[in-house]
Amino acid sequence: MPAISKRLRAGVLAGAVSIAASIVPLAMQHPAIAATHVDNPYAGATFFVNPYWAQEVQSEAANQTNATLAAKMRVVSTYSTAVWMDRIAAINGVNGGPGLTTYLDAALSQQQGTTPEVIEIVIYDLPGRDCAALASNGELPATAAGLQTYETQYIDPIASILSNPKYSSLRIVTIIEPDSLPNAVTNMSIQACATAVPYYEQGIEYALTKLHAIPNVYIYMDAAHSGWLGWPNNASGYVQEVQKVLNASIGVNGIDGFVTNTANYTPLKEPFMTATQQVGGQPVESANFYQWNPDIDEADYAADLYSRFVAAGFPSSIGMLIDTSRNGWGGPNEPTGPSTATDVNTFVNQSKIDLRQHRGLWCNQNGAGLGQPPQASPTDFPNAHLDAYVWIKPPGESDGTSAASDPTTGKKSDPMCDPTYTTSYGVLTNALPNSPIAGQWFPAQFDQLVANARPAVPTSTSSSPPPPPPSPSASPSPSPSPSPSSSPSPSPSPSSSPSPSPSPSPSPSSSPSPSPSSSPSPSPSPSPSPSSSPSPSPSSSPSPSPSPSPSPSSSPSPSPTSSPVSGGLKVQYKNNDSAPSDNQIKPGLQLVNTGSSSVDLSTVTVRYWFTRDGGSSTLVYNCDWAAMGCGNIRASFGSVNPATPTADTYLQLSFTGGTLAAGGSTGEIQNRVNKSDWSNFTETNDYSYGTNTTFQDWTKVTVYVNGVLVWGTEPSGTSPSPTPSPSPSPSPSPGGDVTPPSVPTGLVVTGVSGSSVSLAWNASTDNVGVAHYNVYRNGVLVGQPTVTSFTDTGLAAGTAYTYTVAAVDAAGNTSAPSTPVTATTTSPSPSPTPTGTTVTDCTPGPNQNGVTSVQGDEYRVQTNEWNSSAQQCLTINTATGAWTVSTANFSGGTGGAPATYPSIYKGCHWGNCTTKNVGMPIQISQIGSAVTSWSTTQVSSGAYDVAYDIWTNSTPTTTGQPNGTEIMIWLNSRGGVQPFGSQTATGVTVAGHTWNVWQGQQTSWKIISYVLTPGATSISNLDLKAIFADAAARGSLNTSDYLLDVEAGFEIWQGGQGLGSNSFSVSVTSGTSSPTPSPSPTPTPSPTPTPSPSPTPSPSPTSSPSSSGVACRATYVVNSDWGSGFTATVTVTNTGSRATNGWTVAWSFGGNQTVTNYWNTALTQSGASVTATNLSYNNVIQPGQSTTFGFNGSYSGTNAAPTLSCTAS
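Using full-length UniProt numbering, you'd call the opening residue of the sequence shown number 1 and step up by one each time.
Be aware that a few hints might be false.
[What the hints assert, rightly or not] Simulated restraints on C-beta separations: (1) T682 - V787: 25 to 33 Å; (2) V839 - D380: 55 to 63 Å; (3) S160 - P335: 45 to 53 Å.
Read the hints as simulated data drawn from the structure, not as lab findings. Think of the CB as a built atom: it goes at the ideal place given N, C-alpha and C, for glycine as much as any other residue.
Take the sequences, apply the hints, and build the full model.
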């Protein structure tokens, strides 16, 4: 697609001029003007105003006695809304009403000259539609016959009409099947959805193929809303589902974008809080209303989805739409500022503008208001990459009814639309009474929406309202409201964890921290104050890179300038570090193209200027998160000569490739710099430093194109005067210098190490003078020195790289490249002993596992590429057991499961068992000693962890999926990946090392992860028995289980080539002593991010009386219920006068409910009776305080809340 700005202009898109005749005879219609398929169809276009909907609004205005409200309604009648094709009859018009051609003809009549006109058509008639609800069920059954009807009688006629050359001047935006594919992510336990989803997929594939063939049709797929898919597991599952459908039809490059919040009420932005904001020691996202969903509003959700799609290989040109038709939530009950409460639940309930009691309430919500008017290219939330705010659901049209069903449309009565119905969440529906069937005009709701609009609707507009449609005045086909499946919870078993294969990976890590938002921050807390410790690596930040990049000694000369052109590049900066005197620098940067043409990012560099402030001369760079993906960014350091009081060093960022569209932004890049000795910086005297925590244009961070300064002022005082063109290859102006420099000669390699290559060459000549040289590694620009030498750092060990050099003069003329040279970095140290056989294993994935016996079969090395088909090869020394990832370039997103886990192990991995000095299986309680050492080679790029994976099982069975505990021990990681589950403890000392602890629950096994702080490349004589004892004390390990194997390797999401295991050993022996428990941890645990919201109080919670002053009360809430399963949370409160030492909660279910997994408790079930007791870290509850535990369950029939008893000791 042509690169057209997504943010060129913004403005309310009402009828731009008076619509003199909404529908005109064919002879008077606008002549066809061929429309080019652009990046953002809304940019520069006027919006179609539906005259039939406008007539309803004007009639409602005429009935008002409140003159102000009536004036606002007349303004609303000029706003654009979508047209819904919700049944086959709607194509030609229901009962003589307008059909698709009528609306398209009206759009032609509204088109002004050659200005584009955009009209939105909702495609909404899949077989088995709305499988998880009732109000918007459709006319076609989920059968092969229903699918054939959908294709031939619904999609084919629509495609035929849209492809008529008569309409080629229109930009026709199609909204593809709301609330369809999201059901494939969360509702497959509902039989109706399990039956319907295959037809959804096939039907959408067919529709996409037909519509994509029409050049002026734009395709936006429905993406539900943040209260449904905002949890990382659900969001990543949705991306995978969409990718599956697109790969089977038009490909990921065929999509124009996605639309969120269709017909829903989730606010665009919660103005008084953020998801990570701490209240009473807990983040806002942990509140009952959000239940650990990090996307608390649609702006955050759109940004989250965009980053996930781009990371998954979708083009960065995709745009997001948000339906803002009914998500304003203004009116008299709107909060005016944040709460002062210190309890996170109270704070959220008092601060949120979303006045619903549960995010799953969706039908005709009482108290809602209109949201932002339709608007092209809004700039409020740049990380969301918004193409437009849109009104897909026409305000005033009902979501559904609790009265009689409509057999002509398939729409049914739904109790969620009955205001007296108590939902499974334990709250009333909040629905307005007396609502008609979905899509019919609902005056009471429309009146309230206008009155409660946020922002308020003005009382006048420069546009005249459209005239009424001509006779006949039959009602158009109303737009139904897709019911959002009762805001389903995240999948009980996170979707990022695939079913076990013959060679399973350790449990996938959760999404990277942070998830993209308007202002993500990678660290949950500020870095600790510096201490006297020689390596105070802060626990709140990712571990330092194991191979720090020495700063090149070359110094930049003042950058040349060039001739003036319009527009250019600029950089925006914000400070992500609240402690300017700690041991890290954390600048947030984003590059913005203010010019009129796209920019080749491979020609662009950005410099942040600072002082080293003593300590080690070796600097380490980490990209914590980037909207464009950290894998697309390269970093190096340079020295300033002569140094200034505010700058002796710069951080230089460059890009591997891609283009930045005119008006576009890279999105935030979160950078982090530390010294190898972790000594402190003093940032307040740094040239580029600022205290602003939101993005601002920043001239003290400089930008260069082809080495020419185009933005900002260097510390030496050089500034761009005038600004040069940001185009990739600036052409000299007529009469100027057009002679390129001579080709550099004599390029040689002057030195190599395990992570660097040094180069030198002969100087080029030029008729004016050489400004700098471009150094290319494997065809990618990696440096722009002004001298004839360069050191390329941060490379993988034992890897070959090819380099060329080109000379560039001040006018931008570039020579041809030099003769290439190839250099190979040195192999990891210690190098494998040359004895034995070296083999290369390239067993392809997925679901195949190449296994090589090493060291006489004491260990085995496995490829274990279980989630990718990209090429991966391991080079293995069978004598020493040393191995490297010799070929790999994975490029998956970090929001889901890793691609691979190449590893070495001792014991039994899915029936593949070592035979020498094994010592396993062995019962945990019978271990006498268990000691391991491991040395690794790590690389400075990619996304991966360096981790042990240790499995236990309830029996000594050595085949199949273990059902005990998976223990992961992370030595290091990069790329922002995190362990599975929730962090439950920090700074824990076990086995002589400091760890952060994460805990979670998979379907049939527990997971506990120990993350070493600071990270390391090796560990010696680690006492695994101490780790096991601590895991048992935390309730994550049963000491009667059997240890099956000990594995060590790399979970890889991105990159991976050059990673290696230099040496590995593990020894397990039997003994009679039981493990000695480590001190019980005391942190307040956080629940895993599996549950979804919804406080549903249990009936009559009871307190246990006690004469000793110890008593407790337990309350029960159903967080989410999807018809055959549910998630519940129990809160245990100390109602006594002294602290508890332990507690037990018991109940009996009234139906056939069965607990399937649980967290933060030890739980047993016998028949209907359930008993839950404390774990070691949550046994103590102070008077008046509480703790929580949760579980997932399955059932059929009813799911009434039980009565709980609570006893405390």
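Holds or violated: 25 to 33 Å for the Cβ distance of T682 and V787?
30 Å, holds
Would you say the C-beta atoms of V839 and D380 sit inside 55 to 63 Å of each other?
Holds, since V839 and D380 (Cβ atoms, about 57 Å apart) stay within the stated range.
With respect to the beta-carbon atoms only, verify the hint that S160 and P335 lie 45 to 53 Å apart.
About 51 Å separates the Cβ atoms of S160 and P335, which means 45 to 53 Å holds.
The structure meets every hint from the earlier list without exception.
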